[in-house]
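Could you use the hints to bring the two separately framed chains together as a complex?
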Amino acid sequence: MAESLLSLLADDLATALLHNGDILNETTPSLKRRINVCMTPCMLVSVLHRLAHSAWERGYFRLAEILAYTNLIFHRIDIHPACKIKGGLYVPHPAGVFIRAHAGKNFVVLASAGICDGGHAFPEYWPSIGDDVWVAAGARVSGHLHIGSNARVSPRTVLVSDLPAKTIAHAAL
Amino acid sequence: MILGRKLSREEMQALLHADHTRLLEFMGEVDPSRIRRAWLAVKLFRWSQYQYGLGRRSLGRLLWQINLTLTGADLNPISDFGPGLVLPSPLGVTLYGVAGYNLTAHAQAVLGGGRSRKDIGAGPGRPLLGNDVILGHGAMVLGPVTVGDEVDIGPGCVVLDDVKKQTRLAVSLPEMTLRGADRG
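Chains as they are written, first to last, in the working numbering: chain Y, 1 to 173; chain G, 1 to 184.
Think of the hints as simulated: they come from the structure by calculation, not from any bench.
No residue lacks a Cβ here, since even glycine has one placed at the ideal position from N, Cα and C.
Treat the hints with caution; some may be incorrect.
The following label-pair restraints were derived from C-beta to C-beta distances [stated by the list, open to error]:
#1 G/175 - Y/122: 46 to 54 Å
#2 Y/124 - G/21: 23 to 31 Å
#3 Y/95 - G/116: 23 to 31 Å
Pulled out of the complex, with its shape left as it was, chain G reads as follows (with noise of 0.2 Å):
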């Protein structure tokens, strides 16, 4: 897995088979138009990643930006994810990184650069994720961090340092007040 990875038109078609059997395994018996969007944009990133590594690069941008629209997923063609990609809801979605297989992220989750622009083998400040990972809702990754395999990063967490693998990850809850009656 490296950024900006060339695939060939059978490696391409390999992962969208493995990310449409993921995709239906995940969600379930369910009515196809809910799984629509989901496809839609996982699709769209594997042509952009093709046409961006055979060097048709304005064309991976285009496929880029007609996800961006369609979907509302960012999804940058440079990032390399393996088999298995799976956004169930891709609004708000920005991915821009390295990423092994299952990588589930849910809505409004980000994946991408901090401050720093080291190289951890994930392109200049971007994240390297392991095998089975899951991005919860509105969860953030960010700089250039390694996440081993099997965690899972609950809703809203910032993760701006390493993960050791198998970790589950949630953020602290919220402190509540009550409501003075005269206060709007």
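If we strip away everything but chain Y, and leave its shape as in the complex, we get (with noise of 0.2 Å):
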């Protein structure tokens, strides 16, 4: 593993409080506002998940999909295991979101975003995306496609082919 499990989720708990925390004061976030983060559904997803995707990465493929079913019945999202994600994933509303993709840094998905290839093809075949993307509420990315750094897919759009970086991808009206 290129980055310890330790240090991954101190990125996701930075920018969890980077999206949840006061943006106009920079002041160090208090103890009370990091247990809370702490304590937010946003936080014990990315947990879930990256325990879920060390076991994978180490052959526990049991106790990954173990835990990742414990990710489904409690925030009902459905990350897979197998999901390559680098540090600074932010859920802030799990319910109905659906990732089989492999993302770079912080990562922020809205509420019922589905990404995955399209179909049921392995890990090889999913969207890659790159650093610092967005994907809004009710957005469908589907196909092996790229999503290159710094772009947002905005809400209710169906992406079926690649996405540029720093672009933003709107339905067509």
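Now the structure itself:
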């Protein structure tokens, strides 16, 4: 593994604090704020996915599946344990979110978005996503495609082709 | 195929056998863990359909609820799907209607009621699907709509009108705009 579990989780917590915190007053968040953010579903989803992925990488496939299943039952989010997601994953509202993709740093997925290959293919065919990407609520990304860094997918957009870096995809009106 | 059809035990077992055969065919040579949840969703749906048809409605509803909790698929036990139902990834799949054989519904696909309550042979306001229909990722078929055989409904399509047989539907491509360097 390139990065340790704890550093990934620290990155996740930093992103969650950034999104939950008071951005105008850039003071260091208090302990109470940190604990509050750790109890939100976004952090619990990250913790369970990180544990599932590290179990998957070490060859404990059944354990990884159980952890992913726990995520499904408690948070209604389906992240396959084979998804390679770098630090800073942020899923504020996990209900109905479906992720089968490999993503870079600071990946933000909003409510009921779906990211997959559009079928049942193996992890090699899953979409690859760059750093600092947002996938907004209800967006469907499907196909063996690449999303560049700093790109955004608008709400309810269906993306079936590549998205270059620093681009926003809107649903055609 | 009618809504709320009564199945005999042999019929239910034949349906389950056909579903399992098609699932293995569809997924190919994969690790069994990859099809466990897909198979659980279909199996629980068939059981709930069987119990509901026999008149044990509470048990049918309980199995429906268990299916929703364990797999995330909302498959109404009144709906009637022919042999060969495949749900490769059952999270968010909501199906309530009537379909022929070999229905494939990918993740977050929806089949159900719209605003009209017209009955076209699949219950009030429910869609009627032909054979070999593929519902893509996040596709929706809403209201009393007839969809013909071998129709491929692409990802994200919303079908509110009748579709002829052997049609392939896809959404228009999204517009892409460049993000400004200073915008958030």
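Outcome of the hint check:
Checked against the given bound of 46 to 54 Å, the beta carbons of residue 175 of chain G and residue 122 of chain Y, roughly 32 Å apart, lie outside it. The hint said 23 to 31 Å for the Cβ distance between residue 124 of chain Y and residue 21 of chain G, and at roughly 27 Å that hint holds. Look at residue 95 of chain Y against residue 116 of chain G: about 28 Å separates their beta carbons, and that is inside 23 to 31 Å.
Violated hint for the displayed structure: number 1, the only one.
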